[in-house]
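*Asks:* Quick note, the sequences are listed as chains P and S, same order.
All residue numbers for the first sequence refer to our numbering, where the first residue is 109 and numbers rise by one.
All residue numbers for the second sequence refer to our numbering, where the first residue is 109 and numbers rise by one.
If you are wondering where the hints come from, they were derived from the structure by calculation, not from laboratory data.
From a predicted model like this one, the values you see are computed outputs, not experimental measurements.
Just so it is clear, CB atoms sit at the ideal spot from N, CA and C, and this is done for glycine as well.
You may find that some hints are simply not true.
Pairwise CB distance ranges (calculated) [unchecked claim]:
#, chain 1, residue 1, chain 2, residue 2, range
1, P, SER422, S, GLN306, 20 to 28 Å
2, S, GLN270, P, ASP384, 25 to 33 Å
3, P, GLU504, S, ILE137, 51 to 59 Å
4, P, PRO471, S, GLN270, 44 to 52 Å
5, S, LEU309, P, SER421, 30 to 38 Å
6, S, SER246, P, PRO471, 30 to 38 Å
7, P, LYS175, S, GLU401, 18 to 26 Å
8, P, ALA110, S, GLN270, 22 to 30 Å
9, S, GLU401, P, GLU435, 27 to 35 Å
10, P, HIS462, S, GLY248, 44 to 52 Å
11, P, HIS462, S, GLU401, 55 to 63 Å
12, S, GLU274, P, HIS462, 21 to 29 Å
13, P, ALA450, S, GLU172, 38 to 46 Å
2 protein chains.
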Amino acid sequence: MAIPRQVNICECWARDGIQGEERFIPTEIKLQMINQMVRLGFRRMEATSFSHPKLVKQFADSVEVLKGLPRADDISYIAIVPNQKALERLLDCCQAGYGVQEITAIISASEDHLLANLERTMEEAKPPLAKIVRQARSEGLKVIGCIGTSFGCPLSGEVPLQRVVELTDWYLEQGADYIMLGDTTGEANPLQVRRVYQEMLGRYPGVDFIAHFHDTRGMGLANTLAALEQGVVYHDSSLGGIGGQPSTKRPKYHYGLSGNTCTEDMLVMLDELGVDTGIDTIGAIELSRRAEEICGREMLGHTTRSGPVRRCSSQPLGASALKPGREVAPALLLWQPEMAGASDAQVAEDIIRHALGKSWPVPGGLKLKLDDLDIKPWPGQRSVLLTRFTVLEVGERPRLQALCQKSDGEIVFQGPLSVTFTAG
Amino acid sequence: MAIPRQVNICECWARDGIQGEERFIPTEIKLQMINQMVRLGFRRMEATSFSHPKLVKQFADSVEVLKGLPRADDISYIAIVPNQKALERLLDCCQAGYGVQEITAIISASEDHLLANLERTMEEAKPPLAKIVRQARSEGLKVIGCIGTSFGCPLSGEVPLQRVVELTDWYLEQGADYIMLGDTTGEANPLQVRRVYQEMLGRYPGVDFIAHFHDTRGMGLANTLAALEQGVVYHDSSLGGIGGQPSTKRPKYHYGLSGNTCTEDMLVMLDELGVDTGIDTIGAIELSRRAEEICGREMLGHTTRSGPVRRCSSQPLGASALKPGREVAPALLLWQPEMAGASDAQVAEDIIRHALGKSWPVPGGLKLKLDDLDIKPWPGQRSVLLTRFTVLEVGERPRLQALCQKSDGEIVFQGPLSVTFTAG
């Protein structure tokens, strides 16, 4: 099956992502993060949770977060609403003009998980949840019907698909707009995901399913791909791959990592698959690094460390390609001593143009100013040279820090250089 | 396409895994690790590298490692042989009776990577490599023809498949037994992997391809699955997902994580997919934790933290199911005050049997001794109880540490208990 050309990613950092963080993240920082998400192109974001503030302290500021959110017609914010009181607090915000566009209603396919999460049996959970779904819809909110532990339960093991089907029917009867199959603690495997979505999409044509995987066992991206290949266009993820069971006094019901599938890794994969996300991937990698500073530790993203897959840009090198602090992927040159003929500056310039040319087509009007470059004697024998750059300053005359080394680590040249782009 | 029912996993920790470690791992520790791999069922393992010991200090003990390896007819050890001198040192070992069964010969599809890795152009690299392949084969060794950067290069970007085809033809002409498509720095994506292996397996029927992915961007498992679904049965991985560019003085030619696809995560995925690996997955998770102690830091495995996916065992609970130090997945019980009728010990026993029963069928002959259990007053209201166990001792009367908590964290009972299994 052809995979969708375009997907809709919901960024969950501000809710599912940080709900397991023990340290309260100041409201202002949460809002900075969400503002930057909006700038990067995210259009669906979990904004906060209306869980009881005493139970999940991270969201004690839910109202303040909603008040401060950047608003636009095409942005949809989502709040999680675990009970009637939560809905009423949220509806007060909506009426005061700072609400959300969607809520997530939660139940679990596994009754053990439902008891662990909400302390309710299936029979007890459904009537108040039905009321929440109906009331939210009547107030003009879209409702995501989340079915937790759809792929398996950390407390009771396998979950029959029939339970997921029953809950889907039930949610749709109540009027839910989306059905989220939550792999709450990362029990899913890609063949199962394929089977489940094949069955569910076949059974419910026209229903929008949301794929929500946790990367507990490293299968988050494989599962995302499996859902995507069945045609699922709504995908959840969190910067840094964090998230999971909320930080409360409750005993943990499963071990180890439990974060959402990592946003930046998902974006890199989707870019590679040729799927349009509408999101600035490198910006998301940088935002995830900022999230690491906020949470005070390295998260689980791979591309946060490794960057996207290297490709030569289709766009010529220009001022907009250079962002402060960014590194340019290293480029290799096989040096021969006879290359040292011309002036030192000219030789260095040739090497630099060659190196930049591995990342972008270099336009004719590009001029380099190398006065501050410290050039050592050229190697006397054939050498493998590795050249890399870090962007120091941007603007009309961007400045790059260049470093060129032999394979034994010896420096050939280093220092800042400035670039000007003139109409070629 | 039906996926293979059985795969052959090569454990790369002792070579590709640790080549990036700066600290030398003592020979004895390397051998302990390999011995344990053998016990867990691994039958193909990278044992060491014959890189120049001054260049890659981690393998200065390659001969000592080979001398100490546990030997059996069905075990195949692999050494990496980057040049003629390396081959000769290895062949001396083989003649002295402590050789390997296979060598890995290396070249790169990207000439930039070849220069960075071996300081040779394609033209320079081929003749000595051809000699190595032919000589190794004439000495009775199997040869893995590794084509590095088959899916992309961190220095030059995209790599045309035609280069991989040319090098495959060339290796096969020299007599190579396997062709390894190396995703040396994790540039591959699963759709590409599918295309490449579809093309390669169609073009070379009967040739054994080895899938070797690095998890640089989190796609290691998705790529493994993609190769598996095309029919590839040989897969490489490393405990803890470590590995990558060897630790030398050379400048790094790419950024960030660069480890092999993680063995324990791959095993968990394959178990879930119903693919037979012949390997003890939980043992591999524990060995990876040991590897973390050795390397002095947490590695990148997910299941190292989270364990395998929870399933109720098909085998009844017995002494062999209990291994020292292992945790039993938590189990939930909805407590009702009327359950407190019988003696405290009987109630605790019922809760414990219920909890153990979520992981194994509990045999009729199982007896519990709870004398040392500290039982608090039973909850006065309906409560969600979470019970978990750690295995303290094994043998004829295994001992478990039990902990049962209410959802507010309050302890209901805790302490050691002993188990006896009597014929039914």
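*Asks:* Which of the numbered hints are not met once you compare them with the structure shown?
*Replies:* 4, 6, 7, 11, 13
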